[in-house]
Structures are given as structure tokens and as C-alpha cells.
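S.K.: Take a look at the letters that make up each chain.
Number of protein chains: 2
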Amino acid sequence: MIIIGEKINATRKPIAAAISAKDEEHIITTAKDQVAAGADYIDLNGGDPNPETEAANMEWLVKLVQDNVDVPLCLDSSNIKAIERGLALVKSKPIVNSITLESERLESFLPVLAEHECMVIGLCLSDDGMPRGVDDRFDRAARLIDQLTGIGKKIDEIIIDPAFLPVSAEPESGKAVCQAIAKIREKFPEVHIGGGLSNVSFGLPKRKFINLAMVSMAISNGMDTAIVDPCTPYMVPIILAAEAICGADQWCANYISAYRDGRLG
Amino acid sequence: MIIIGEKINATRKPIAAAISAKDEEHIITTAKDQVAAGADYIDLNGGDPNPETEAANMEWLVKLVQDNVDVPLCLDSSNIKAIERGLALVKSKPIVNSITLESERLESFLPVLAEHECMVIGLCLSDDGMPRGVDDRFDRAARLIDQLTGIGKKIDEIIIDPAFLPVSAEPESGKAVCQAIAKIREKFPEVHIGGGLSNVSFGLPKRKFINLAMVSMAISNGMDTAIVDPCTPYMVPIILAAEAICGADQWCANYISAYRDGRLG
Chain A
1 MIIIGEKINA
11 TRKPIAAAIS
21 AKDEEHIITT
31 AKDQVAAGAD
41 YIDLNGGDPN
51 PETEAANMEW
61 LVKLVQDNVD
71 VPLCLDSSNI
81 KAIERGLALV
91 KSKPIVNSIT
101 LESERLESFL
111 PVLAEHECMV
121 IGLCLSDDGM
131 PRGVDDRFDR
141 AARLIDQLTG
151 IGKKIDEIII
161 DPAFLPVSAE
171 PESGKAVCQA
181 IAKIREKFPE
191 VHIGGGLSNV
201 SFGLPKRKFI
211 NLAMVSMAIS
221 NGMDTAIVDP
231 CTPYMVPIIL
241 AAEAICGADQ
251 WCANYISAYR
261 DGRLG
Chain B
1 MIIIGEKINA
11 TRKPIAAAIS
21 AKDEEHIITT
31 AKDQVAAGAD
41 YIDLNGGDPN
51 PETEAANMEW
61 LVKLVQDNVD
71 VPLCLDSSNI
81 KAIERGLALV
91 KSKPIVNSIT
101 LESERLESFL
111 PVLAEHECMV
121 IGLCLSDDGM
131 PRGVDDRFDR
141 AARLIDQLTG
151 IGKKIDEIII
161 DPAFLPVSAE
171 PESGKAVCQA
181 IAKIREKFPE
191 VHIGGGLSNV
201 SFGLPKRKFI
211 NLAMVSMAIS
221 NGMDTAIVDP
231 CTPYMVPIIL
241 AAEAICGADQ
251 WCANYISAYR
261 DGRLG
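Protein sequence lines, in the order shown, are assigned to chains A and B.
Just so we're aligned: the first sequence equals residues 1 to 265 in the numbering used here.
Just so we're aligned: the second sequence equals residues 1 to 265 in the numbering used here.
None of these hints come from the bench; they were simulated from the model.
This structure is a prediction, so every number in the text was calculated from the model and none was measured.
Honestly, I wouldn't trust all of these hints.
Just some of the chain A residues that point at chain B, by a computed CB distance under 8 Å [to be verified]:
| id | residue |
| --- | --- |
| 1 | 171 |
| 2 | 204 |
| 3 | 214 |
| 4 | 216 |
| 5 | 237 |
| 6 | 252 |
| 7 | 253 |
| 8 | 256 |
| 9 | 259 |
List time: in silico PhoX-like cross-link candidates among lysine-lysine, alpha-carbon distance up to 25 Å [to be verified]:
| id | chain 1 | residue 1 | chain 2 | residue 2 |
| --- | --- | --- | --- | --- |
| 10 | A | 175 | A | 81 |
| 11 | B | 183 | A | 175 |
| 12 | A | 187 | B | 175 |
| 13 | B | 91 | B | 13 |
| 14 | A | 208 | B | 206 |
| 15 | A | 13 | A | 32 |
| 16 | B | 91 | B | 175 |
| 17 | B | 187 | A | 183 |
| 18 | A | 208 | B | 183 |
Cβ atoms here follow ideal geometry from the backbone N, Cα and C, with glycine treated the same way.
Okay, chain A solo, but in the shape it has when bound (with noise of 0.2 Å):
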């Protein structure tokens, strides 16, 4: 399981106060604590309405981050001065987070990623919007590890975001995602699948239910990669135990492990 930790991200209100006053300990801290909970990578994003100041943001987190913690780094914007700002600087193979279907993000974004050693994170979003169903998630995940490896990326440096959207909105859509995640994970079974999955939960009460149920059964169908806060209680524990039943982690090997270590609580 890649574990990547959600919580340096702009649209939350502490970061973005943090970037803006370059309020260094604040995000020292907010880095640390999710390597300690468990998290491989950590996932910055600079969000701004312009898109030099998320450049300039993203510079500095990059540098501040990876001078503090000993993870590689997710970075992740839809802004691609930003994502070439970080790529100029990580120490280690990073993620990009995220490449669409969308016409202007493919433009952008492939000849950057071709440019630069790189995992990248796929997500099934289209210029005709999110996706609906099984299938059509399929049809776009293909198209994705299509567009990835025509310009060299080798099948286990994608991670495909299936779109986790609001189950408050969209009823269908927990159901689709897990049945999506098992159809990709049949035909490319060399693939990463994962996402921003705390998405399933925006709108609904005590979110952290919503999130831990939905890694469980994602991770029964095939997720292998999750941005999620791994400092919520129980989060890092479930996810291990979720592949402790599932047979990605034989003999429960890496859950006892996490027991002896103390990473279980």
C-alpha cells in the first residue's frame, strides 16, 4: 500500500493561513506527524487563485518539506508551472498529482511528464466532466494508461484515480467505485489504483466513518494507493488490516509487524 498524506493541501483553512505567513513550523509539523502515523509520500498543494503565487507556494513547501521529512513528495496541483516548479527541485522520485483526460491538462502536462522521472496520478475526469458508472471509469482509466505509457511511463509508475465522488450526492457512485477499482485491477493488474478518497464523505457528518469504511472495501477490490489523513484515529491500523484479510499482505506478515512496532495504537 502507498500511503500518501493528505493534509498539506491549501483548501484547508490552517495550510493556507500557514503558506500565506510562512508559518514554517506549522507545516514542519503537519508533515511530520503524517510520516510518523504512517504515510510513504506527503502531498503538497499550494492552491491560489494566481497561478504564479501557487509556484512561488509550491517552491517553498517543496523545499521546506522534503528538508524535514525523509519521504518523497506528491505534488499536486491542476497548474503545471507549479507541478515543473517541484519537479525542478524534489531530491526523490516524486507523484504528480494529477493528470486528466481533460484536452488543456493533457496538453500541458504530458510533455512536462515525459520530461521528468516521475510517478504520475491519473484521474478519470474528461471534458465531459466526472465520470458515471463501471465503465465509463474503465473506458477512461485505459484511455489514461494510453496517453502514460505513449510517452514512456512504465504501467507501475500510473496510479489510477478512479474519482472517489460524494456518495451524499451521487447514491451509486461508492458502489461503481468499488466495481470500477476490481475491473481495472482485472485488465491491468500491474497498475496503481487510488485516490482522494475523503471525497466519498464531503457533505455527510463525522466524516472519518464515511472514509475508514470506504478504504476497506476499496482496498477488497484492488486499491493499492490512498491519500488519505493518515493521522485520523484507526485509519493506518484499518487500512493494514484491510489488506491483512485480502491476501495483499500474506500471512498477515506486515500487520503483525505493525503490531510488534507499535503502529497499531
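Position chain B relative to chain A; hints supplied.
M.R.: Only chain B this time, still in chain A's reference frame:
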């Protein structure tokens, strides 16, 4: 979702001690705590090597618990004498836990079940032992349904337990159980499916995480009945969350109302 509170079971040492000492207070508190946490039924198991003692234990437990909580009971024994004593006393339609395909159990249980109004759990265990894989579970489920409808049980009075085996000993069983649930649900849309899923975590540390991951996965495949400890932190909220994600709780109405009632903690 039918939630059956599993705690009053003589395989748990404090319960065995309470039964032996006729400690009414301990049993009543254990029943009330489970109802408060969301149990729809209270499981009663007074297991004892001596069949007469077990039957007497069941009688004591049934009287005590139904005088103190308002939910119906789940009479849990492989000893038909204990089941009969319970059936003679219950004030509300109970669940009998459980019949199996073992010849001796079928022979002793079927005539009794035919005579009493009750729901019944059919566990996929036969003279050949525990089931292996998906098709074996499905075939046994079909045979159990055939036996039970044959004595006049309606399809929605039957709860198929696909046999949740310890993943520490049977690494493939977690996935097989989920797939078997999906297959049974597809072919028998009106049957109830579920059982004692805490068995999955037997032999592993921090069992609650395994149980919480398992319950989400099983619900996403069509489980609608769970024998669990509803007092486990996060258990009932995650059950409700899993139903909201999977469309078993349209527009998340039940999840939101549980939140408003303070049932999500």
C-alpha cells in the same frame, strides 16, 4: 442491517463466570450496553460440556435478558435441548443460531424449527467440515436454503452464515467469504446473509481493526446481518457508514439520523 450483539457467550470467561455464579447484574448490564450501542438482537450462549446444564443456562439467560431489555433474542447453541428450552420461553420471534448441514444437526434441529415461529441462521458447515472457497460456500448456502424452505421457513427468515474463518490460518478465506456473499446475494436477493465475523480476526493482535475492516467489506458485498460486539468503538458507526456508501441506505438517511440521535459518538 440486523445487528446481533455477541457478548453474552459462555466462551468468554467473564460470561462463563457470571452464568456459573448466577450473577444477574453482570448479564443484564452486558445486554443493556449492547442494546444502547445499537444491537437489534441479543445473542445468548450458555455453552457447557453437560447438555443439561447448558439447557438450564439457556432458560436462565432467556428469562433474565428478556425481562430487562426490549429487543428479541438470538438463541445460540448446537444443543437442541438448549434451543427448545429457549424457544418455549421467548416472548418475541427469535433467531436460532444455528443449523448446519451436518447430518446429526439437521436431524435434531429441523423438526424443532418447523414447529416454532423463528428466524434461523444456516451456517455453511457440513459433515465434510468447514467450506473452502467461493463455490463450496455458495453450494452449501443453496442446500441450507433448500432444507429450510422445505420445512416452511420463508426466504427472509433465513440468515446464511458463509463461515468467516480466521485469516491468520486461512489467508484466502477473507476474499472467498466476500465473493461468496456477493454470489449468494445475487442468486437469493431476499435471503439474509451474515454471521459471526469476529472469527476472522482469531489469532491476530488488535482484533478490532480486522473486524472493522471485515464488516465494511462484507457489507459492500451484500451482507445485511452481523453478529458483532456493538460496543467495540467505531463498530456501529462504520456499519452505518458502509451501508451509506453501498446504497443500502439511500441518500444516507439512516446515517444522518444516527448522527442527529448521537449514535455516531
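S.K.: Run every hint past the structure and note whether it holds.
M.R.: Verification of the hints:
Nearest Cβ of chain B to the Cβ of residue 171 of chain A: about 6 Å, under the 8 Å cut. The hint holds. The interface hint given for residue 204 of chain A holds, since its Cβ lies 6 Å from the closest Cβ of chain B, which is under the 8 Å cut-off. For residue 214 of chain A, the suggested interface contact is upheld, since its CB lies about 6 Å from the closest CB of chain B, less than 8 Å. The beta carbon of residue 216 of chain A comes within 4 Å of a beta carbon in chain B, closer than 8 Å, and the hint placing it at the interface holds.
Evaluation of the residue 237 of chain A hint against chain B yields a held restraint, the C-beta minimum of about 4 Å falling below 8 Å. Proximity of residue 252 of chain A to chain B holds as hinted, the smallest CB-CB distance being about 6 Å (cut-off 8 Å). With 8 Å as the threshold, the beta carbon of residue 253 of chain A stays out of range of chain B, its nearest partner Cβ sitting at about 10 Å, so the hint is violated. Among the interface hints, the one on residue 256 of chain A holds; its C-beta lies about 7 Å from the nearest C-beta in chain B, closer than the 8 Å criterion.
Against a cut-off of 8 Å between C-beta atoms, the interface hint on residue 259 of chain A holds, since the closest Cβ of chain B lies about 4 Å away. With a C-alpha separation of about 36 Å, the suggested pairing of residue 175 of chain A with residue 81 of chain A is violated against the 25 Å cut-off. At roughly 16 Å between alpha-carbon atoms, residue 183 of chain B and residue 175 of chain A fall within 25 Å of each other, so this suggested pair holds. Taking the CA atoms of residue 187 of chain A and residue 175 of chain B, the gap is near 18 Å; set against the 25 Å cutoff, the hint holds.
Distance hint between residue 91 of chain B and residue 13 of chain B is unfulfilled; the C-alpha atoms sit about 28 Å from each other, more than 25 Å. Taken as a hint, the residue 208 of chain A and residue 206 of chain B pair is honoured in the structure, with Cα atoms around 20 Å apart against an allowance of 25 Å. Restraint check for residue 13 of chain A and residue 32 of chain A: satisfied, since their Cα atoms lie roughly 19 Å apart, inside the 25 Å limit. Among the hinted pairs, residue 91 of chain B with residue 175 of chain B is inconsistent with the structure: their alpha-carbon atoms are about 39 Å apart, more than 25 Å.
A distance of roughly 21 Å separates the Cα atoms of residue 187 of chain B and residue 183 of chain A; the hinted pair therefore holds under the 25 Å criterion. The straight-line distance between the Cα atoms of residue 208 of chain A and residue 183 of chain B is roughly 30 Å, outside the 25 Å bound, and the hint therefore fails.
Checked against the numbered hints given earlier, the structure breaks hints 7, 10, 13, 16, 18 and satisfies all the rest.
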